[in-house]
Amino acid sequence: MSDYIIEMLNITKEFPGIIANDNVTLQLRRGEIHALLGENGAGKSTLMSVLFGLYQAEKGEIRKNGEVVRIKDPNDANALGIGMVHQHFKLVEVFSVLDNIILGVEPATKHLGFLQKAEARKKVLELSERYGLKVDPDAMVEDITVGMQQRTEILKMLYRDNEVLIFDEPTAVLTPQEIDELMKIMKGLAAEGKSILFITHKLDEIKAVADRCTVLRKGRCVGTVDVATTSKEEMSEMMVGRKVQLVMDKAPQKLGESILSVQNLTVRSKRHGKPLVNNVSFNVRRGEIVCIAGIDGNGQSELVYTLTGLMKAESGKVYLGDRDISHMSIRERNLSGMSHIPEDRHKHGLVLDYSLENNLVLKRYFDKQFSSRGFLKFNEIRTYAEKLIEQYDVRSGQGPVTVARSMSGGNQQKAIIAREIDLGNDLLIAVQPTRGLDVGAIEYIRKELLRQRDSGKAVLLVSLELDEVLEVPDRILVMYEGEIVGELDPRHTTAKELGLYMAGAQRKG
Amino acid sequence: MDNKKTSLGGRLASSEAFLSVAASLICIVIGLLLGVIVLAIINAEHAIGDGLLVILQSGIKSPRNMGTVLANAAPLIMTGLSVGFAFKTGLFNIGAAGQYTLGAFGALYCAIVLQLPWYLCLLAAMVLGAIWGAIPGFFKAYMNINEVITSIMFNWIGLYMVNDIMYGKGQSPMYDLATTKTYSLRKVAQDAMIPSCGMSDHFGKLQSVTIAIFIAILFAVIVYVVLNKTTFGYELKACGFNKNAAQYAGINDKRNIILSMTIAGALAGVGAGLYYLSTVAEWNPQVSTALPAIGFNGISAALLACSNPIGTIFSSLFISYITVGGTKLSTQYYTKEIADVITALIIYLCAFSMLFRSKIRALLAGKTRRTGLGKGGND
Amino acid sequence: MFLLLKYTLLYTVVLMMVALGGMFSERSGIINIALEGIMVIGGLIGVIAIQLMPAGSSAAAIVICSVLAAAVAGMLYAALLAFASINLGADQTIGGTALNMLATALAMVIAKGFNGSASAKLEYSNRPFVYEIGPLTVNVFLFIGIVILILSYIVLYKTRLGLRLRACGEHPQAADSVGINVYKMRYIGVLISGALGGIGGMAYIIPSVSSWNFEVGVSGAGFLALAVMIFGQWKPFRICFAAVFFALFKSLANIASSIPAMAALGWTQNMYNMIPFIASMIILAFTSKKSRAPKAEGIPYDKGSR
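Protein chains in written order, with our numbering: chain R, 11 to 519; chain V, 718 to 1096; chain D, 3 to 308.
Note that these hints are calculated values from the structure, not bench results.
Here a beta-carbon is modelled for each residue, glycine too, at the ideal position from N, C-alpha and C.
Keep in mind that the hints are not guaranteed to be accurate.
[Said to hold, decoys possible] Below 30 Å or equal to it, Euclidean Cα-Cα: the simulated DSS-like pairs (lysine-lysine) are:
#  : chain 1 : residue 1 : chain 2 : residue 2
1  : V       : K1076     : D       : K237
2  : D       : K237      : R       : K280
3  : R       : K357      : D       : K123
4  : V       : K960      : R       : K397
5  : D       : K291      : R       : K357
6  : R       : K280      : V       : K960
7  : D       : K292      : V       : K971
8  : R       : K127      : D       : K186
9  : D       : K291      : V       : K960
10 : V       : K971      : R       : K322
11 : V       : K922      : R       : K387
12 : D       : K291      : R       : K284
13 : V       : K971      : D       : K123
14 : V       : K1076     : R       : K69
15 : D       : K292      : V       : K886
16 : V       : K971      : R       : K280
[As the list claims (entries may be wrong)] Here are the simulated distance ranges between beta carbons:
#  : chain 1 : residue 1 : chain 2 : residue 2 : range
17 : D       : L7        : V       : L894      : 36 to 46 Å
18 : V       : I777      : D       : L7        : 57 to 67 Å
19 : V       : V830      : D       : M264      : 24 to 34 Å
[What the hints assert, rightly or not] Computed footprint of chain D on chain R; a stretch qualifies when at least three of its residues, placed anywhere within it, have a C-beta under 8 Å from a C-beta of chain D:
#  : segment
20 : 77-86
21 : 447-458
Isolated chain R (complex conformation) (with noise of 0.2 Å):
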């Protein structure tokens, strides 16, 4: 029998104008846990795609113990004994946990196919106490927590007798504390005989789990390398191409005067009437960024929502330097001084249909600038786009006449960042800016903040990812089911710390 319980040889993957695998090699040691490890947009997820047979790969073989297999779909990996877990969660909501596990493989009669559920549940439930991964299954999925979820996926995965486990960026919504446990669970199912192949950008779960690593960049494979002789510094220059320096230098502080001050803000549900956001107070001053830290999910948007008026307030107080704008329309809540880079850029920051320039006067293509008597200057649009385009190096196809849809990721940011800080408002409301963006665009993003802050501007900076809490603020606020749970100084706090907090686990204040 072959070394290798999985090999994909020479992989080749196109999408229209994009290359995302190019002749990539990966080779999976049976009871390992390998590492997949490559920047947003290196290609990971499109290999484990075609391991997965969500996509055919336009060269290169796919061998399982040595053997060359073909596989169409999802229900060739299953046959092979391959599983996901994708990043987001392939569950259906209003289903419960068992049935979610037992789609596409339900025991039924032969005839007619009644569902069978009692044998399943049995099987889930020895799964379940096995491997350590606590259930309950008759819950709804969107009544349970993302642990839970999280939890469900595996167990779908094992009760299928998959061998080969793909895990697509599993802690991304998890605490550290989770982290942790999630870690466990892995290294149990490796120690069982499982294959366990691991996606994701972060270093430390790496050295903390994995045997072995295989780095992408570009599509390209880079190498795999022994994970407990190589240092995480090398593995970042493998993975980036060069040094990276992701630390800021940071300038002193010149603290102003409050420019946002939010007191006792309370926010419901509106489906089960549950507060979402809990008497919530907290300032941000001239020349500081604040950053509020949490898992996801436990309020973060909707404060942001219920700031910038997407969202109604139950009760309690926003102030933008000494106006009350509680009550305030988005529009005019914009135009006292408020701007808003959102969590969600197709869904709130950038109308994809529109062109870049229509895009980028987005929230001022009513002033007198632009318009005159309800017409639109189209001229003068143009010259404003262009100058945006320039400045933050904004790049498209074709310019301002670019349709938004069209442009990278990166770029589609980067024109919300011109727009919204071009504004020079005092105000900037920054919710994940970062997210799903290469270490260029990253680094770039980091420092606009910056500079933002030693302009004397207000920043509240919203953000789920360590690094980025631990580095980019003055300031920490932890939130944790819709309360304040504790303020830190990122200078002198650590990331276990700062988890105990984001689990819940310790509080103050």
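Chain R is already provided as a structure; the job is to place chains V and D on it using the hints.
Chains V and D only, in chain R's frame:
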């Protein structure tokens, strides 16, 4: 980066206007071909000579027929504009038929009962249409009920209501027992007729040819300017493309939804005004148990024109032209509804005109198309 | 009173069957606004089938053959929607609207062709479909409807097919990732809705009268069924209750003249005709906040974009 020297094919491939026109023409051609098949199934021998050619030639055969095409095209342009305008705002105004019905009532009531001049009757048609459009807009904006389902319900409510009032158990002042329709404006309310300004003389003395067609074209131009040159149009289109982003930018999307539906309703109402005030026909409140076809054909006109207001003029003329062609089919072999079948087939095809567009684009630009697919699902 | 019961039962069965059809389609992820048109086509073919049956056929044979014909016709017509929206990713609402328009036009062409005259009115005998139980007149569709209701519940919640179908309407990417063929499931959903819509169209036309003019189509019954489906929250038994409720309103129009108290109101036919539509608007206004449609309905599924 793009090449400076792109081929003609490449330039055409990236021209949205060209792609739209080409895709629509394909829809028309395939629709006509399917129409011929239907004709052949019914009566193979006469499918071409007495079928297709009649449909295609009648509309331009005589000045009188051309007049009929124009008279029917004017209201169709309006309902087409109505549907297309709403489309641009991301709304599907399937309620044009109901708004048209209300518009018809407004126009005829002011004409027959109040004896008002034609422009006031037209205004009444516009206002009533606008109200009937505003209702689904209100339901959508404040109760988040899909405008399609509301519009459909209000189509029927409007139809039964208007029929009831116009008929009034046979006692209504608008109902002519002799013809079982509303009174002919030519007899009872000549002031309410849209002036012909000599138009009818050019089209075989057909009285229903009036300046309505110019009014419709004027509206098309206004709608075009509003959508493409004004801040209001910018806002409406932003809402249509991405409601969330529009909200984020401070655009009042609720107001825009209601305004958009109100305007769409007004346009459809004017359509009915143009039709009935040009005396193309009278309303039959007892037999009219089906919604007026011009309302639904507006959907066809808008789709065929890819919601472009100027394009709507041409698509409406075309639909009116084959509909008139249909009525000239010899009843010995065929029925006039075949034209409706062809129109319906064309919209069915329009529903996937996006596919035709991308095919044409790929054909013209070779394989180097650059679309939003970008990097393949690797986020 | 029996008259009211008769009409209520009649319309309940129609609205319920068609709404159940809509449910299967939407649960699989396809908005089926073409139900109105499917009803017209199903009704037309059913009526023609009755006429084509050889003289002297037994009542049972007539019922079985014509109902099957209506179901198959409905399925074929719904396949047009499935093709446009599943294979070509067309806008489902527009596709459905086109099919509604096509159905009316096509029905008139076919009916006139069948008659060989300029009238789209078809005549038929509805004797085989109607039974007298004591003072109450019921029709065969009542029994068909009850069977379909129970079957719908079992298929949707107790079988593999139902689980997979629902998954496709909620989260097609998830279904796809576990190897379920989303296209196939959606085809099944739309075709079931075609069959039920076709039978429903026949059930609307045949039991109460012995001739039908296809110029009027089915006068909005398909759209009412959509409202029934929404009010019934895409769940079989709730749909049944919703159908009873709507049917009651719709029946009022038919019996108003024979009940003295109602006749005294002096309401016209048109007013009664409006009632179910107004009622559905009011109900939708109150229920919409809590309404939870299948999450992925209306969104074309593209294998490439997973």
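Hints versus structure:
1. V:K1076 with D:K237: violated (40 Å)
2. D:K237 with R:K280: Given pair D:K237, R:K280 holds - Cα atoms ~23 Å apart, limit 30 Å.
3. R:K357 with D:K123: It is violated: about 52 Å lies between the C-alpha atoms, which goes past 30 Å.
4. V:K960 with R:K397: holds (27 Å)
5. D:K291 with R:K357: holds (22 Å)
6. R:K280 with V:K960: The hint holds at about 20 Å.
7. D:K292 with V:K971: Distance of about 20 Å is within 30 Å: holds.
8. R:K127 with D:K186: Holds - the C-alpha atoms of D:K186 and R:K127 are around 24 Å apart, at most 30 Å.
9. D:K291 with V:K960: holds (19 Å)
10. V:K971 with R:K322: Distance ~15 Å between V:K971 and R:K322 Cα, so the pair holds.
11. V:K922 with R:K387: With a Cα-Cα distance of about 47 Å, the restraint between V:K922 and R:K387 is violated, given a limit of 30 Å.
12. D:K291 with R:K284: Answer holds: D:K291 to R:K284 is near 17 Å, not above 30 Å.
13. V:K971 with D:K123: violated (46 Å)
14. V:K1076 with R:K69: Holds. V:K1076 to R:K69 sits at ~26 Å (cutoff 30 Å).
15. D:K292 with V:K886: violated (41 Å)
16. V:K971 with R:K280: holds (19 Å)
17. D:L7 with V:L894: 36 to 46 Å: Because 38 Å falls inside the window, the suggested range holds.
18. V:I777 with D:L7: 57 to 67 Å: holds (58 Å)
19. V:V830 with D:M264: 24 to 34 Å: holds (30 Å)
20. 77-86: holds (count 3)
21. 447-458: violated (count 0)
In this structure, the earlier hints numbered 1, 3, 11, 13, 15 and 21 are contradicted, and the remaining ones agree with it.
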